[in-house]
Amino acid sequence: MRAGPKLFHLCVHFVRDLSCLIFGLSSSLRRMSIVQRMASNKASSAALTFELVAKCSTTRARASILTLPHGPVNLPIFMPVATQASLKGITPEQLEATGCRLCLNNTYHLGLKPGQEVLDAVGGAHKLQGWKHNLLTDSGGFQMVSLLKLAKVTEEGVRFLSPHDGSPMLLTPEHSMSLQNSIGSDIMMQLDDVLVTTHPDKARMREAMERSVRWLDRCIKAHKNPDRQNLFCIIQGGLDLEMRRECCREMVARDTPGIAIGGLSGGEAKDDFCNVVATCTELLPDLKPRYVMGIGYPEDLVVSVALGADMFDCVWPTRTARFGNAITKHGVLNMKKEQYAKDFGPIEDGCGCPCCRPIDQEGAIGVTRAFVHHNSAKETVAAHLLTIHNVWYQLHLMGGARDAIIADKFPAFVKEFFNNLYPDRKSYPSWAVNALKNVGIDLFES
Amino acid sequence: MSSDGHEPTAMTFELLKTAVKDGGARLGRLAFPGRRTVDTPNFFGLTSRGVIPHVTPDNVEKHLLTNGTYMALEDFIERPQQYMTRSPPVYETPSPNNKPLQSFTAMPSSIITVLGSRRLPAVAAPMGNTNQSISVFTSTGFQAITTKQYINAIQTLNPDIAIPLADLTHKTSAPTSKRALRMAERTDDWIKEWFMEMYGRNKEPSKIATFAPVLPISYSIQWEYLERLSEEHQSNPSVLSGLAVYDADLIPDISSSYQNLDTLPRLALTTPSNPHQVLRQLSLGMDIFLLPFLSTASDAGIALSFTFPPPSSESSELLPLGIDMSSPEHAISLQPLTESCTCYACTTHHRAFVQHLLCAREMLGWTLLQIHNHAVLASFFASIREALADGTFEEKARQFALRYEPEIPQGLGERPRARGYHFKSEGPGEQKRNRPAWSKFEDEKKIEDKVADLSIADEQNGTSGLGSGVDSVAETPLVPDENADAKDLEEMGFAEKAENK
Chain A
1 MRAGPKLFHL
11 CVHFVRDLSC
21 LIFGLSSSLR
31 RMSIVQRMAS
41 NKASSAALTF
51 ELVAKCSTTR
61 ARASILTLPH
71 GPVNLPIFMP
81 VATQASLKGI
91 TPEQLEATGC
101 RLCLNNTYHL
111 GLKPGQEVLD
121 AVGGAHKLQG
131 WKHNLLTDSG
141 GFQMVSLLKL
151 AKVTEEGVRF
161 LSPHDGSPML
171 LTPEHSMSLQ
181 NSIGSDIMMQ
191 LDDVLVTTHP
201 DKARMREAME
211 RSVRWLDRCI
221 KAHKNPDRQN
231 LFCIIQGGLD
241 LEMRRECCRE
251 MVARDTPGIA
261 IGGLSGGEAK
271 DDFCNVVATC
281 TELLPDLKPR
291 YVMGIGYPED
301 LVVSVALGAD
311 MFDCVWPTRT
321 ARFGNAITKH
331 GVLNMKKEQY
341 AKDFGPIEDG
351 CGCPCCRPID
361 QEGAIGVTRA
371 FVHHNSAKET
381 VAAHLLTIHN
391 VWYQLHLMGG
401 ARDAIIADKF
411 PAFVKEFFNN
421 LYPDRKSYPS
431 WAVNALKNVG
441 IDLFES
Chain B
1001 MSSDGHEPTA
1011 MTFELLKTAV
1021 KDGGARLGRL
1031 AFPGRRTVDT
1041 PNFFGLTSRG
1051 VIPHVTPDNV
1061 EKHLLTNGTY
1071 MALEDFIERP
1081 QQYMTRSPPV
1091 YETPSPNNKP
1101 LQSFTAMPSS
1111 IITVLGSRRL
1121 PAVAAPMGNT
1131 NQSISVFTST
1141 GFQAITTKQY
1151 INAIQTLNPD
1161 IAIPLADLTH
1171 KTSAPTSKRA
1181 LRMAERTDDW
1191 IKEWFMEMYG
1201 RNKEPSKIAT
1211 FAPVLPISYS
1221 IQWEYLERLS
1231 EEHQSNPSVL
1241 SGLAVYDADL
1251 IPDISSSYQN
1261 LDTLPRLALT
1271 TPSNPHQVLR
1281 QLSLGMDIFL
1291 LPFLSTASDA
1301 GIALSFTFPP
1311 PSSESSELLP
1321 LGIDMSSPEH
1331 AISLQPLTES
1341 CTCYACTTHH
1351 RAFVQHLLCA
1361 REMLGWTLLQ
1371 IHNHAVLASF
1381 FASIREALAD
1391 GTFEEKARQF
1401 ALRYEPEIPQ
1411 GLGERPRARG
1421 YHFKSEGPGE
1431 QKRNRPAWSK
1441 FEDEKKIEDK
1451 VADLSIADEQ
1461 NGTSGLGSGV
1471 DSVAETPLVP
1481 DENADAKDLE
1491 EMGFAEKAEN
1501 K
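From first to last, the protein sequence lines stand for chains A and B. Take the first sequence: its letters are residues 1 to 446, numbered as in our numbering. Take the second sequence: its letters are residues 1001 to 1501, numbered as in our numbering.
Do not rely on the hints blindly, as some may be mistaken.
[Unchecked claim] Example chain A residues on the side facing chain B (calculated, C-beta under 8 Å, incomplete):
| id | residue |
| --- | --- |
| 1 | 113 |
| 2 | 252 |
| 3 | 350 |
| 4 | 352 |
| 5 | 367 |
| 6 | 429 |
FYI, nobody ran anything at the bench for these hints, they're computed from the structure. Note that the Cβ used here is the ideal one computed from N, Cα and C, for glycine as well.
Please work from the sequences and hints to get the whole structure.
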């Protein structure tokens, strides 16, 4: 396994060369078409504009502005997950106050509750939840496969038994598009054939990858509102880098307004995760947003940004808030521990979120660790306060990365981030050290 | 929310308009320096463990339309089993403006804080009180708190208003006359100690406003105690700023017997269960109410819908006091929760959203209902004050009684999870308060694995409770409704029926 990073390094070089050969022609064609429409750092499609603001001179990190139907968002970005059209107890107004301008809803959940008929009658999910900013929806396929025991994927779609009467049902790419059109999300995701990356059957993995490409074509065909909703493709292919490359080529050729890297965060080794992300970003066009699905731990976000990814989502920050956990730059702190019972400091020193900011500042709540401890697992308000803090932390982390990229100080930002998280350098995770080394950051060099 | 810098001085209460007869509804104004002024009759928010349930302190300030909150000392003094010797953290809260209770709970400084011993309503203690102590119910069980400890706690926490200990049974049945007599005697002893410790000679008099309890026993049994209150107040008005009344029917007697007590604000600890009872008690001369039915209604998915006076109508049919927002009839309604309500929930959201949140058991549903229900009460009291000012109160109160149903509807929506400190189990055979969590399509092991993946950090910290693994998966129901058959799912547009292959 130790040969992994070295092999990866070789691969990167090989791909660089190969991609010049293979993609030289197609990318220059693509560039030309973009140039015709836009200046060279900007690309537009029917419902989205992507503007590359800065690139890190060392790593592949990028800072950009993604303008969506409900306003611009700065990339890199973390997107909190409001599964059922609500971010776990906090109001849309409070979510807005954390700086969030793009959050997720889950198609699967909204399809069950309140259902398509209600969404159509109400006029979409923005209107349902009173959210003035952007929404992204997944396709519903992931939850279906990962949570329904009896789901089975066929070429037509995802088959499952109705939980009530046991009659067979089918969820197709067309259904997913129709639901997401009713939801009215600014970014919608194709239905893909999701396998855990560690799936042992290579043939099944290839089938899933190829099927995801075919399903993208069906999704594009079924998508009713391309002028006001953006459909992103999802790159599959498990941990097989060659299969990922092949998928990248097929997906890029279909020219969706944005591109997601899917199937990760399912328990694969972190080294493998980094290899897949690096392999894909290498092949993706500069002027499109790149979204790594299901990523949320701060280390994963920072490393993925260095590898050239722009967008991330995860339920972890808000879920862990409900367990009494606060995310801080020095790691995750469990507020239920006795050591915080008489800790009258803010949740995180120096944090600017409404819970932590100094009490004399506008909008400050004046929450102490002791108060969160007092009500953790007892009153929902404690969870709401930690949710506000954790979402702020994640958004602010990406904002800090963005500022550093623009100032071309991103490597220093990454080093400081790891230094805060691990007081002892010896405990730096090797996967992060290796992945960053491959893009030019040596965490051990001061 | 910043501290006001200077030490608050005394409370003032001004009676603007009173009835001619003894007792009777009245208009007043209660003011503390640096806090919102409270026009009375009015109500204060009721907290659980220092928070208005489901409402974060920033939303309390921005959206809740309440000028004061009631807190219970028993919510702050539990002794965790592993840390039995630890002193309650709340006592050590640093507070720049010397308001530790307010600082600990992050309650906005514009809001008046009232501190009493027990939650409202309180759980009856099996062992009762002694001559020097009462039993309280904390999240880790019952414990005794002595009169001395209570006075120390009040002095340390420095609320704006404090309610001295009363010897109460907290049972629904009336106490025997022997017990009632002891209640009066003990409460009398305790108030003597209170006055001595708080305002006694050789002591710097406390700036905390004392609202002395008036017991839920007949006037003839507690007259000696009330006599003492009157005399103490006569000789030094600053020792007694108000009355905490457990039975509104005593007001006429007090009013006619002690003129000096009549000018004090009256805080209702009577737990009325609907607005009809509020109006009745208000007519007897109650000034400030604490209303457990507010949170109860929100938890039950009820949006309160009454106004004062009631809307005029030809129909003789009774109007409901609240609307069950979990009902599917609101699924596509873009109406506000109630017509013409100007609260945050009604101006930024609609019934369809609240209905969805309640059905999906999303916590925001209860938050929005709390904001709305507090706003309904705020506007109810504002209209009552107007009617008192222009002399139309009695007529409008009569209309209200005729127009509305007697009780707030029950609500069919699922409640938030109940916690141990909310109630005391009444022995075996009692129904479960919380519905078991979902666990249908996967065996437990698999769910646990999944949660372990998603929350490695949580596992490392060995957390449990609010977010124990299986719970958190079930928290967001992930499988279709158990009653939804294939046809329903198809109609929802979720998926289509397939041929069995």
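Query raised in the report: Okay, which hints does this one fail, numbers in order?
Result: Checked against the structure, the hints that fail are numbers 2, 3, 4, 6, while the rest are satisfied.
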